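With the hints as constraints, model all of the structure from the sequences given.
Protein chains in written order, with our numbering: chain B, 1 to 203; chain C, 1 to 203.
Hints were generated in silico from the structure; no laboratory data involved.
Computed list of lysine-lysine pairs in DSBU-like fashion (alpha-carbon distance at most 35 Å, straight line):
1) C:K175 to B:K39
2) C:K22 to C:K137
3) B:K22 to C:K22
4) C:K137 to C:K39
5) B:K137 to C:K137
6) B:K39 to C:K186
7) B:K22 to B:K186
8) C:K39 to B:K137
9) C:K175 to B:K137
10) C:K175 to C:K2
11) B:K175 to C:K137
Quick caveat: nothing in here was measured; it's all calculated off a predicted structure.
Number of protein chains: 2
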Amino acid sequence: MKLYNSNFAPNPRRVRIFLAEKGVSIPLIEVDLGALEHKRPEFSARNPFETIPVLELDDGTIICESIAICRYIEELHPEPNLFGATALERALVEMWQRRLEQRLFLPIAQAFRHSHPRMAEMENPQVPEWGAANRPKALRAMGIVDEALRDRPFIVGDRFTVADITGLVALDFAKPARIAIPPELKHLDRWHETLAARPSAAA
Amino acid sequence: MKLYNSNFAPNPRRVRIFLAEKGVSIPLIEVDLGALEHKRPEFSARNPFETIPVLELDDGTIICESIAICRYIEELHPEPNLFGATALERALVEMWQRRLEQRLFLPIAQAFRHSHPRMAEMENPQVPEWGAANRPKALRAMGIVDEALRDRPFIVGDRFTVADITGLVALDFAKPARIAIPPELKHLDRWHETLAARPSAAA
Numbered sequence: 001m002k003l004y005n006s007n008f009a010p011n012p013r014r015v016r017i018f019l020a021e022k023g024v025s026i027p028l029i030e031v032d033l034g035a036l037e038h039k040r041p042e043f044s045a046r047n048p049f050e051t052i053p054v055l056e057l058d059d060g061t062i063i064c065e066s067i068a069i070c071r072y073i074e075e076l077h078p079e080p081n082l083f084g085a086t087a088l089e090r091a092l093v094e095m096w097q098r099r100l101e102q103r104l105f106l107p108i109a110q111a112f113r114h115s116h117p118r119m120a121e122m123e124n125p126q127v128p129e130w131g132a133a134n135r136p137k138a139l140r141a142m143g144i145v146d147e148a149l150r151d152r153p154f155i156v157g158d159r160f161t162v163a164d165i166t167g168l169v170a171l172d173f174a175k176p177a178r179i180a181i182p183p184e185l186k187h188l189d190r191w192h193e194t195l196a197a198r199p200s201a202a203a
Numbered sequence: 001m002k003l004y005n006s007n008f009a010p011n012p013r014r015v016r017i018f019l020a021e022k023g024v025s026i027p028l029i030e031v032d033l034g035a036l037e038h039k040r041p042e043f044s045a046r047n048p049f050e051t052i053p054v055l056e057l058d059d060g061t062i063i064c065e066s067i068a069i070c071r072y073i074e075e076l077h078p079e080p081n082l083f084g085a086t087a088l089e090r091a092l093v094e095m096w097q098r099r100l101e102q103r104l105f106l107p108i109a110q111a112f113r114h115s116h117p118r119m120a121e122m123e124n125p126q127v128p129e130w131g132a133a134n135r136p137k138a139l140r141a142m143g144i145v146d147e148a149l150r151d152r153p154f155i156v157g158d159r160f161t162v163a164d165i166t167g168l169v170a171l172d173f174a175k176p177a178r179i180a181i182p183p184e185l186k187h188l189d190r191w192h193e194t195l196a197a198r199p200s201a202a203a
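Right, dumping it as structure tokens:
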């Protein structure tokens, strides 16, 4: 098994943090996004959508999409449980993972991709007006997440799950996207600090 | 249990199709998006992100996000299996569901939201240039999905899964988004017709 990775992109980091939480090690193959290696034929043959991360099994089977890869790792290494232990918890982990991904991480990533000069080649056309329109979306999501965290340490409840990983990666990506996390969001800030202090955050 | 629904939005349709495939019936509560009912306090209290569908359990627990709702229904009604029967199949269902959602459905929805006059109030600001930039993204995804379907009847393999539901809803939404499905994509067209002919498609 091997994982196509980039140390400079947020999505592969989600998988690396997940692996660290599981205590699982998989050989990493670095893909040079700056050199557009992910658009070369040998990579496109593995993933025609040309995104990372990509997990390649020993028989050549390919699994793409960060959360699909994490879910597969969870099947192979069930403990610690990160996707939910009961039907309801699994639903709430899925709900919060998706909310944090689509309502927080996506607007932050769109703000980055449509405003940062380094992304001009990868995000073509860049639409600065769309980048700007995503800033209030990201800030609104931060406020909602802050409120949700008022009565619990992690986003789904009392324990760390894969949804928290998405939250950490999203909030860390706010910095390169130049979106300041409002300091009055105390619960969000406490959560962010707690997650960033876990050893897995360095993965 | 009840489901907050709109018959005019694509996401609740994903859940209705899923329920029809399961043979499960849940009372529907229609939310009038045109009247912005999803932005009223009684709805925001249930889902501060103000999106539908929303599943409300008898004890008042709220599950948002179409796929989280479907996953919960799958837990309660495991047959027919729509999320994958083995670790690998579950990973591939997740991969394709996400690809179809993020690389096909999302660009189609963005093209619609940023170009249709009826969406001006809901998608504020509309960015027509961003709407236009999503058309080639949607067409590229259609080509990749067509190629993937060359050797199999459904997107993950020999049988229908929740990923196919996302594909059907995405392709049907291309029409209001005014994105023509290229007629040369024969595998995509065959798949679309097969899915649209299932009784669940009318749900």
